[in-house]
Amino acid sequence: MQYNLNLRALAAEAFGYAPLVRYSLPEEPTPEEREADRYGTPLAPNAEGTGLLGLPVFARVEFLPMPGFPGIVLNDPLVEVSRDKLIVTTDVQGRDGSVKEYISNGDYAVTIKGILASDPMDGRVSRRYPEAQVLALKKVVDVPEALPVAGRLFRLLGIQNLVIKGVSWPSLPGFTNLQAFELRCLSDDPIELLV
Numbered sequence: 001m002q003y004n005l006n007l008r009a010l011a012a013e014a015f016g017y018a019p020l021v022r023y024s025l026p027e028e029p030t031p032e033e034r035e036a037d038r039y040g041t042p043l044a045p046n047a048e049g050t051g052l053l054g055l056p057v058f059a060r061v062e063f064l065p066m067p068g069f070p071g072i073v074l075n076d077p078l079v080e081v082s083r084d085k086l087i088v089t090t091d092v093q094g095r096d097g098s099v100k101e102y103i104s105n106g107d108y109a110v111t112i113k114g115i116l117a118s119d120p121m122d123g124r125v126s127r128r129y130p131e132a133q134v135l136a137l138k139k140v141v142d143v144p145e146a147l148p149v150a151g152r153l154f155r156l157l158g159i160q161n162l163v164i165k166g167v168s169w170p171s172l173p174g175f176t177n178l179q180a181f182e183l184r185c186l187s188d189d190p191i192e193l194l195v
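According to full-length UniProt numbering, the residues represented by the sequence shown are 1 to 195, in order.
Hints were generated in silico from the structure; no laboratory data involved.
Be a bit skeptical, because a hint or two may be false.
[Stated by the list, open to error] Think about it this way: if two alpha-carbon atoms lie no more than 16 Å apart in a straight line, the pair counts; the simulated EDC-like pairs of lysine to aspartate or glutamate are:
no., residue 1, residue 2
1, 165, 188
2, 139, 182
3, 113, 145
Between the sequences and the hints, there should be enough to build the whole structure, so can you do that?
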């Protein structure tokens with residue numbers, strides 16, 4: 001017996017996320033309708049189904065191969081990216097407010113949440129625990145250095161490497177063939193020392 005799994009729907013259920021609903025643009029309005037509806041039309045989603053609404057997005061994430069590490073592709077995890085600037089604030093006597101000193105842009109904080117499923121195409125019963133997939137992701141987590149990463153959102157933001165700060169493996173009650181994961185990462189720029 002073979003099962004058809006929708007990993008996006010399962011991730012949305014596991015992490016309490018409502019996915020973006022697909023919609024199509026209405027027909028070109030007449031001049032009278034155009035005047036009345038000038039500000040209400042939202043942006044159409046792009047080909048990957050992500051919107052520009054500030055929501056977590058489903059995005060393919062690829063940890064690229066490097067010496068001693070074969071690489072791995074995570075299909076359709078939820079990716080959240082945030083960044084705080086490093087600013088020192090100093091209070092000055094007799095002045096309302098504080099003096100702000102811009103130091104730099106901070107690291108990007110990246111959270112990758114997804115679900116690993118056993119492969120239904122390997123000929124075995126697809127209800128078994130995804131042991132091979134969990135071990136492959138554990139190899140990613142155990143790498144003691146910055147990992148090169150690829151993905152559409154990372155390319156747009158200039159993120160080339162990630163350091164994995166932590167991982168959690170939340171359970172999915174009622175499922176024997178699924179394992180949720182959450183990777184907490186920081187962006188990293190390689191430092192090249194000249195000798």
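Going down the list of hints, with the structure as the test:
1. Between residue 165 and residue 188 the alpha-carbon distance is near 12 Å, which keeps this suggested pair within the 16 Å criterion.
2. Distance restraint check for residue 139 and residue 182: the Cα-Cα separation of roughly 15 Å lies within the 16 Å cut-off, and the hinted pair is therefore satisfied.
3. Restraint check for residue 113 and residue 145: the C-alpha separation of about 21 Å exceeds 16 Å, so the hint is violated.
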